[in-house]
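Trainee: Here the protein sequences come in this chain order: A and B.
For what it's worth, our numbering labels the leading residue of the first sequence as 36, then goes sequentially.
For what it's worth, our numbering labels the leading residue of the second sequence as 734, then goes sequentially.
Since the hints were derived computationally from the structure, they do not count as laboratory data.
Glycine included, C-beta positions come from ideal geometry on N, C-alpha and C.
Among these hints, one or two may not hold up.
[Said to hold, decoys possible] Example chain B residues on the side facing chain A (calculated, C-beta under 7 Å, incomplete):
no., residue
1, Met-819
2, Arg-820
3, His-826
4, Pro-971
[Unchecked claim] According to the in silico footprint, chain B covers these stretches of chain A (three or more CB under 8 Å from chain B):
no., stretch
5, 97 to 107
6, 122 to 130
7, 178 to 189
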Amino acid sequence: MSQLQLVRVGSPRLKSFSGSFGPGLHVLLGGEADGTAELIELCAGVRLPQRGSLSLDGVSPGSSPEARRRIASLLADEGWPGEGDVQHWIGHLGALRGFDGLAATQRYCPDLVLDRPLAQLSGSQRRELALAAALAQPEPRLVALHEPLAAAAPSTGASVVERIQELAAHAPVLLTTRSVADARHFTGQLLVLERGILARESPDAWPSAVTPGSSVELSIECAEPRRLVAELAQSPEVERVAFDARRATRVQVGGSDLERLALAVTRAALAARVELRQLRAAAPDLEVVHGASAGLARAAYQAAQARRGGT
Amino acid sequence: MKQLSFRHGWRSARLTLGWQWPATALLAGLALLLGAAMLEAQNVTGESATRAAEADLLRGVTFGLLLPLSCFALSARLDTGLEALMRAIWVRHGAERRAYALGRLAFPMALTGGIALIGGSLALALSNAASDPALELPIGLGTNGVVLFGVAVLGAVSYMACLGLAQMLAGAWGRALFLLADWLLGSGAGAAAVVWPRAHLRALLGGEPVLQLSALASTGWLVLLSAACLFLYLRRVPH
């Protein structure tokens with residue numbers, strides 16, 4: 036059973052990141068500015084830590100080709116050789132990694148055109164192909180994926196989730212995403228990365244938002260706001276609904292997660308057959324942000340006190 | 734696996750450089766050589782003048798200007814630094830990074846070696862053509878071809894290895910400083926010139942020897958310099 040060990044790892048964005056990851060699924064919630072993309076690069080061996088150490092079963096992936104051959108990864112920015120077609124690329128990949136990945140790759144990338152030149156693939160198609168190749172790896176010792184569901188084709192989302200869970204049974208699977216909605220597709224350990232620091236760990240409960248305490252608000256402009264509000268009131272994702280006093284066609288809705296809220300609004304508009312003219316995130320009041328950050332700081336302080344008392 | 738990694742490195746360098754850019758560089762180099770030959774031809778009147786023209790074209794233009802500049806330009810375009818090697822696609826998928834780096838460096842070595850060989854052959858041919866046929870000078874491509882080939886290979890390997898190390902140690906500034914130091918210090922024949930390829934290449938092409946060393950010793954120095962630079966360069970590249 037493989038073990039990924041990070042000891043006080045420092046990189047431009049990661050600040051003294053430590054953690055030990057055994058077989059299982061580990062979801063890290065956070066944006067690229069929080070260091071999620073760098074963490075995956077470190078795990079894939081394309082970056083060396085500036086400080087600290089990272090090892091997979093005692094070996095650093097950055098300096099061991101054998102270790103890299105057994106790491107399935109999807110980076111935020113996938114580099115590509117400039118020549119050849121898809122089949123040529125998969126063939127070379129198979130020669131290096133020691134497996135015939137064509138059939139497995141096609142499973143997660145069904146629209147794959149084998150004789151298509153790599154140079155003609157768009158950025159999203161390249162990421163889709165890279166994800167398919169990563170998932171095709173038969174017995175990886177580590178799986179490190181950045182935003183896998185964003186890279187997957189809509190039709191393969193379920194099989195991608197299924198394959199990731201399958202891989203997690205035998206190897207550590209490190210998955211980074213900025214989307215709470217994507218993170219909810221997986222069952223496993225949830226970690227939150229904030230500005231390069233492992234902010235908190237929620238082994239049992241999944242948070243309703245990346246920054247708990249700070250709710251999000253959407254401003255909607257539509258032709259028939261009353262019908263939309265009636266539909267929105269039935270949605271569990273919507274915590275508050277209000278008409279805008281300054282403009283009759285505008286509605287303000289509030290909730291805990293931006294993506295889920297936007298999805299709820301879209302569903303409600305479809306159900307009520309209301310045409311949406313504008314949908315934009317409204318910036319929260321400064322007082323609300325102050326209140327939320329003070330709450331977070333208080334919670335962190337209490338947690339630190341509790342840990343100190345425990346030890 | 735090392736052989737496969739080397740091939741990936743070679744192919745990656747070939748793709749990065751393409752064919753258009755090196756071909757343009759070669760044509761520009763040959764045009765420079767042709768221009769210099771035309772200027773030299775105006776002064777060719779006797780045996781010593783022909784010899785001087787040959788030396789100018791071979792030592793000055795081809796191995797003193799064309800080779801270092803094409804090595805510098807190819808090295809800059811290729812980016813042989815650590816960052817590029819860390820992120821290389823095939824290395825990420827399990828290629829051996831040092832073999833890959835060597836393959837990536839070997840391609841411009843072969844390319845610049847070829848450029849120097851073509852330039853050198855043209856320089857010999859032009860100086861031969863510019864001389865008075867009545868002199869019947871023994872400047873033949875047959876006798877000097879082997880020497881020229883060896884010097885071109887040694888020159889290309891030593892310059893690319895030194896530039897690779899300079900890039901690894903100090904980035905683009907390192908490369909520029911190396912070129913400048915090679916020009917300034919390598920032009921002499923004293924102890925300061927011993928570690929610069931320019932001085933030994935000049936000596937091998939019949940110029941002033943460095944510290945009165947023989948041609949064989951200069952060859953040895955160039956081999957040693959190239960090997961040391963390659964060793965230090967590859968040592969800084971993680972597996």
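Trainee: Next step is simple, just say for each hint if it's right about the structure.
Mentor: Hints and how they fare:
no.	hint	result
1	Met-819	5 Å, holds
2	Arg-820	5 Å, holds
3	His-826	5 Å, holds
4	Pro-971	4 Å, holds
5	97 to 107	holds (count 7)
6	122 to 130	holds (count 3)
7	178 to 189	violated (count 0)
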